[in-house]
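Asker: Single-letter residue listing:
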Amino acid sequence: MRCSRSIEALLTALAVIALAGCTLQPPKPWEKGDLARASMRFDADPLETKLTQHIYQSKEGAGGGGTVGGGGCGCN
Amino acid sequence: MASVHEIHLCGTDRAHAERAAHDAIADVKRIEAKYSRYRDDSITSAINRAAGYEAVAIDDETASLLRYADRCHALSNGSFDITSGVLRRVWDFKRQPPRVPSQDEIDALRPLIGWQHVEWSDDHVRLPERGMELDFGGIGKEYAADRAATICRERGIAHALVNLGGDVRAIGSRADGSPWRIGIRHPRNADATIATITLDDEAVATSGDYERYFELDGCRYCHLLDPRTGMPADHWQSASVVAPLAILAGSYATIAMLACDRAPAFLRAQRVRFLLVDKEGAQIASH
Amino acid sequence: MAATSGATFAATRTESPKASSERSAALILAALALPGILPAAALAQSAPDERVIALRYYDYRDWQPGVDRMSVKSPSLYAFVPLSDSLTVEGSLVYDSVSGASPLYHDAVSGASGRGIGDYRSAADAKVTKYFGGSSLAVGAAYSHEQDYISRAASVEWRTWSDDRNRTYAIGFGAAKDRINAVEGVNAPVLDQPRETYDYLLGITQVLDAASVVESSVTWSDGRGYFSDPYKLHDARPNHRRIFAWLTHYNRYFAAPGATLQLGYRYLDDSFGDRSHMLEASWVQALPYGLTLTPTIRYLTQAAAHFYRDPPFPQGFVPGGLYTADERLSAFGAVTLGLRVAKELPHRLTIDVAFNAYRQRGDWRLGGDGSPGLAKLSARWIEFGLAKRF
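First to last, the protein sequences are chains F, X and Y.
Residue 42 in the numbering used here is what sits at position 42 of the first sequence, and the numbering runs on without skipping anything.
Residue 71 in the numbering used here is what sits at position 71 of the second sequence, and the numbering runs on without skipping anything.
Residue 369 in the numbering used here is what sits at position 369 of the third sequence, and the numbering runs on without skipping anything.
One should not assume that every hint holds.
Selected chain Y positions facing chain X (Cβ under 7 angstroms, derived; list incomplete) [to be verified]:
#  : residue
1  : Ala19
2  : Ala25
3  : Leu34
4  : Pro35
5  : Ala256
6  : Leu263
7  : Lys343
8  : Pro346
9  : Arg348
10 : Leu349
11 : Ala354
12 : Ala357
Calculated cross-link-like contacts (lysine to aspartate or glutamate; reagent style EDC-like; alpha-carbon spacing at most 16 angstroms) [said to hold, decoys possible]:
#  : chain 1 : residue 1 : chain 2 : residue 2
13 : Y       : Lys130    : F       : Glu48
14 : Y       : Lys388    : X       : Asp176
15 : Y       : Lys18     : F       : Glu48
16 : F       : Lys50     : Y       : Asp49
17 : Y       : Lys130    : Y       : Asp59
18 : Y       : Lys388    : Y       : Asp49
19 : Y       : Lys343    : X       : Glu119
20 : F       : Lys50     : Y       : Asp85
21 : Y       : Lys388    : F       : Asp45
22 : Y       : Lys343    : Y       : Glu383
23 : Y       : Lys376    : F       : Asp43
24 : Y       : Lys73     : F       : Glu48
25 : Y       : Lys130    : F       : Asp45
26 : Y       : Lys343    : X       : Asp176
Computed beta-carbon distance windows for the label pairs [what the hints assert, rightly or not]:
#  : chain 1 : residue 1 : chain 2 : residue 2 : range
27 : Y       : Pro288    : X       : Glu129    : 22 to 32 angstroms
28 : X       : Glu154    : Y       : Leu366    : 46 to 56 angstroms
29 : Y       : Ala19     : X       : Gly131    : 54 to 64 angstroms
30 : Y       : Tyr289    : X       : Glu154    : 22 to 32 angstroms
31 : X       : Cys219    : Y       : Tyr289    : 48 to 58 angstroms
32 : Y       : Ile382    : X       : Asp191    : 51 to 61 angstroms
33 : Y       : Ser21     : X       : Ala195    : 37 to 47 angstroms
Calculated directly from the structure, the hints in this document are not laboratory data.
Note that the structure is a prediction, hence the values are computed from the model and not measured.
The beta-carbon is built from N, C-alpha and C at its ideal position, and this holds for glycine as well.
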């Protein structure tokens, strides 16, 4: 079933994060210099992310993920 | 802070760099004015004037520095003590001919030394004895270097070097990606270096017995005084330490100078890079 | 008073290593607590204090063997402005101008000659973010307009982070109201057809160590209304579509080569049946003189929608039933190869150029047969970007 598959995926996601949580060595603030690099950010170029996502949405079945309220377009 | 101060900025346009440098220098001057014990209008002077009397109100910045000094005092088992400046009353490094104070003279100052006696909180500080003094000289310059670095970085400077009298804080690497290369001064020859260390987003500070000292009967007496004995440090000629912040590098170097033969173990426990030069001029490095 | 000689000094140092290391940590924490020691960038999630203006231009083209299909030229503008220490506003404008024929989708043409593509699309969005001590609230709105399609959307997203700022949680809600007006559709005019979509998001960002960070989110989307393609003959899709997406990104910095590895995975489950897995990887390599080179590879494999029928028409077509021959809902695999070059210039300007090549093929699908009879669709897009910070 679609629904149970979704839940299964969600549980997998949580398990991966929880597992990561057990072995973490969270850095101290002064060790975060590398994390502040633009290449390490997930939102470094919002415009590029949005436009590229739009291209894939016009070519592939269902797209998106990771954002809410982007609105639809006539391309699907 | 009558020594060489310089800020190198690279990989950016001139006007932008000048603005960042201007802001950084203004902040260094602000800290110098605020904490100098030579200025009557500094917070240090206000606290020292009130010694033995009332508590003095302090701001967050001063409280943070006191907290830092407190942690240094604890880590060093009392050798790093911002009340030890009163020892300068009997140790005069400019006096001619030089003389070593008597044990009685040193003992007379003992009631005025001891951070553990200072009453302090987040908003007030009080020195309990008349004649006690606080001295931020051991941390103020390094704190200023770290702040100057942050100011440059927040203005988008990715590659810079802040040098406040030999305490050097690097922002990033050099513009071409290679680390900064800093020479370590020869403790007995001001024009020579004994080693080169690399810095990438780190700081280096050196504490040495050559900054202010006198020699008498073949012994060197330097300005780094141990508050617990009242005597100068005499185990190392110099201690250079690389740490993430200039203020840490400076404190580690000072503590190492006063830690005698335990200095290498102390520095290894802090997981920092270091270079110690002992009485005979032999070098001990972290690796 | 403390010790009076060097000998007692040594004796006082017989403490446990644990006590000593706690003192070491206490000193470092006190140093970091000094005002102005940590750059604002290290305090992730506080309101950013620099303004950004970015221009980006996409030149997109796709084709099938022997036939040029569509080309889109798309200039866009993005701005980010902090209004105060705790309030930021950002927004973007995009304009697509479309030319050329529309995709044929199949080798065997069945009368569905593709839609009459609107020759433009304009879109605007804006977002205001308010930062509180340990959390932020963002409210956004988006609008896009095509000849035959109007979309209005709103969103709200709340983020909160741990005291050490190593973990962030996000909760989001979005709603979109779309309207379709295809006067020239082959399925008879489609007038004023509505579509409403609600999106829900749960996300977590976790700093793993000093050089790696992971972000994972799940999104549910629940849409009701008109989902068919008015320009495709006999196209009839369900009027209810639920999408579940699990998206994970992992970034890791390697100091020695001065590079960042960016990995992404997306699992997507659609009530239409076109389930997909997407994997992508980028290597962001810093080079001397402010240059950055970023090769990217992306792979997608998707199943066909349960009402998708392979050509030729009327294979599998039941009058009155659900039906689509849209290639986007077929089973295929797709690969993108991309290369980006960016350079930092004086005056805090950054420019970048990117080239991306994309190809879909039925037999590139993983773990199942692809839909047969599909022409190999290829696309490429070139990007030019310019960003100024101040």
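Asker: Taking the hints in turn, state whether each one holds.
Answerer: Hint-by-hint comparison with the structure:
1. A cut of 7 angstroms between beta carbons decides the hint on Ala19 of chain Y: the least distance to chain X is about 10 angstroms, and the hint is violated.
2. Given the 7 angstroms rule on beta carbons, the hint for Ala25 of chain Y is violated: about 9 angstroms separates it from the nearest Cβ of chain X.
3. About 5 angstroms separates the beta-carbon of Leu34 of chain Y from the nearest beta-carbon of chain X, less than 7 angstroms, and the hint is met.
4. For Pro35 of chain Y, the shortest C-beta to C-beta distance to chain X is roughly 5 angstroms, which falls under 7 angstroms, so the interface hint holds.
5. A least Cβ separation of about 11 angstroms between Ala256 of chain Y and chain X goes past the 7 angstroms threshold, and the interface hint is therefore violated.
6. Taking 7 angstroms as the C-beta cut-off, the interface hint given for Leu263 of chain Y is violated, the closest approach to chain X being about 24 angstroms.
7. Interface hint status for Lys343 of chain Y: violated, as the beta-carbon distance to the closest one in chain X is roughly 12 angstroms, over 7 angstroms.
8. Against a cut-off of 7 angstroms between C-beta atoms, the interface hint on Pro346 of chain Y holds, since the closest Cβ of chain X lies about 4 angstroms away.
9. Nearest Cβ of chain X to the Cβ of Arg348 of chain Y: about 5 angstroms, under the 7 angstroms cut. The hint holds.
10. Checking Leu349 of chain Y against chain X by beta carbon gives a least distance of about 9 angstroms; that is not within 7 angstroms, so the hint is violated.
11. Because the beta carbon of Ala354 of chain Y sits about 23 angstroms from the nearest beta carbon in chain X, more than 7 angstroms, this interface hint is broken.
12. Because the closest C-beta pair between Ala357 of chain Y and chain X is about 30 angstroms apart, greater than 7 angstroms, the hint is violated.
13. At most 16 angstroms may separate the alpha-carbon atoms for a hinted pair to count; Lys130 of chain Y and Glu48 of chain F exceed this at roughly 23 angstroms.
14. Between Lys388 of chain Y and Asp176 of chain X the CA atoms are separated by roughly 22 angstroms; this puts the pair beyond 16 angstroms, and the hint is violated.
15. With a C-alpha separation of about 49 angstroms, the suggested pair Lys18 of chain Y and Glu48 of chain F falls outside the 16 angstroms cut-off, and the hint is violated.
16. For the hint pairing Lys50 of chain F with Asp49 of chain Y, the CA-to-CA distance comes to about 23 angstroms; that exceeds 16 angstroms, so the pair is violated.
17. Using a Cα cut-off of 16 angstroms, the hinted pair Lys130 of chain Y and Asp59 of chain Y is violated, with the two alpha carbons roughly 35 angstroms apart.
18. Distance hint between Lys388 of chain Y and Asp49 of chain Y is fulfilled; the C-alpha atoms sit about 14 angstroms from each other, no more than 16 angstroms.
19. With a C-alpha separation of about 55 angstroms, the suggested pair Lys343 of chain Y and Glu119 of chain X falls outside the 16 angstroms cut-off, and the hint is violated.
20. A hinted pair counts as satisfied when its Cα atoms are at most 16 angstroms apart, and Lys50 of chain F with Asp85 of chain Y does not qualify at roughly 26 angstroms.
21. Restraint check: the Cα-Cα separation between Lys388 of chain Y and Asp45 of chain F comes to about 12 angstroms, which is no more than 16 angstroms; the hinted pair holds.
22. For a cut-off of 16 angstroms, the pair hint linking Lys343 of chain Y to Glu383 of chain Y stands: about 14 angstroms separates their Cα positions.
23. About 33 angstroms separates the Cα atoms of Lys376 of chain Y and Asp43 of chain F, which puts this hinted pair outside 16 angstroms; it is violated.
24. A hinted pair counts as satisfied when its Cα atoms are at most 16 angstroms apart, and Lys73 of chain Y with Glu48 of chain F qualifies at roughly 15 angstroms.
25. This hinted pair does not check out: Lys130 of chain Y and Asp45 of chain F have alpha carbons roughly 20 angstroms apart, beyond 16 angstroms.
26. Of the supplied pair hints, the one linking Lys343 of chain Y and Asp176 of chain X holds, its CA atoms being roughly 13 angstroms apart against a limit of 16 angstroms.
27. Restraint check, Pro288 of chain Y to Glu129 of chain X: a C-beta distance of roughly 59 angstroms breaks the suggested window 22 to 32 angstroms.
28. For Glu154 of chain X and Leu366 of chain Y, the hinted distance range of 46 to 56 angstroms is satisfied, since their beta carbons lie about 47 angstroms from each other.
29. Against the hinted window of 54 to 64 angstroms, the Cβ-Cβ separation of Ala19 of chain Y and Gly131 of chain X comes to about 33 angstroms, which falls outside the hint.
30. The hint said 22 to 32 angstroms for the Cβ distance between Tyr289 of chain Y and Glu154 of chain X, and at roughly 24 angstroms that hint holds.
31. For Cys219 of chain X and Tyr289 of chain Y, the hinted distance range of 48 to 58 angstroms is satisfied, since their beta carbons lie about 54 angstroms from each other.
32. Between Ile382 of chain Y and Asp191 of chain X the C-beta distance comes to about 58 angstroms, which sits within the given range of 51 to 61 angstroms.
33. At roughly 28 angstroms, the beta-carbon separation of Ser21 of chain Y and Ala195 of chain X lies outside the given 37 to 47 angstroms, and the hint is violated.
Consistency note: the structure conflicts with the earlier hints numbered 1, 2, 5, 6, 7, 10, 11, 12, 13, 14, 15, 16, 17, 19, 20, 23, 25, 27, 29 and 33.
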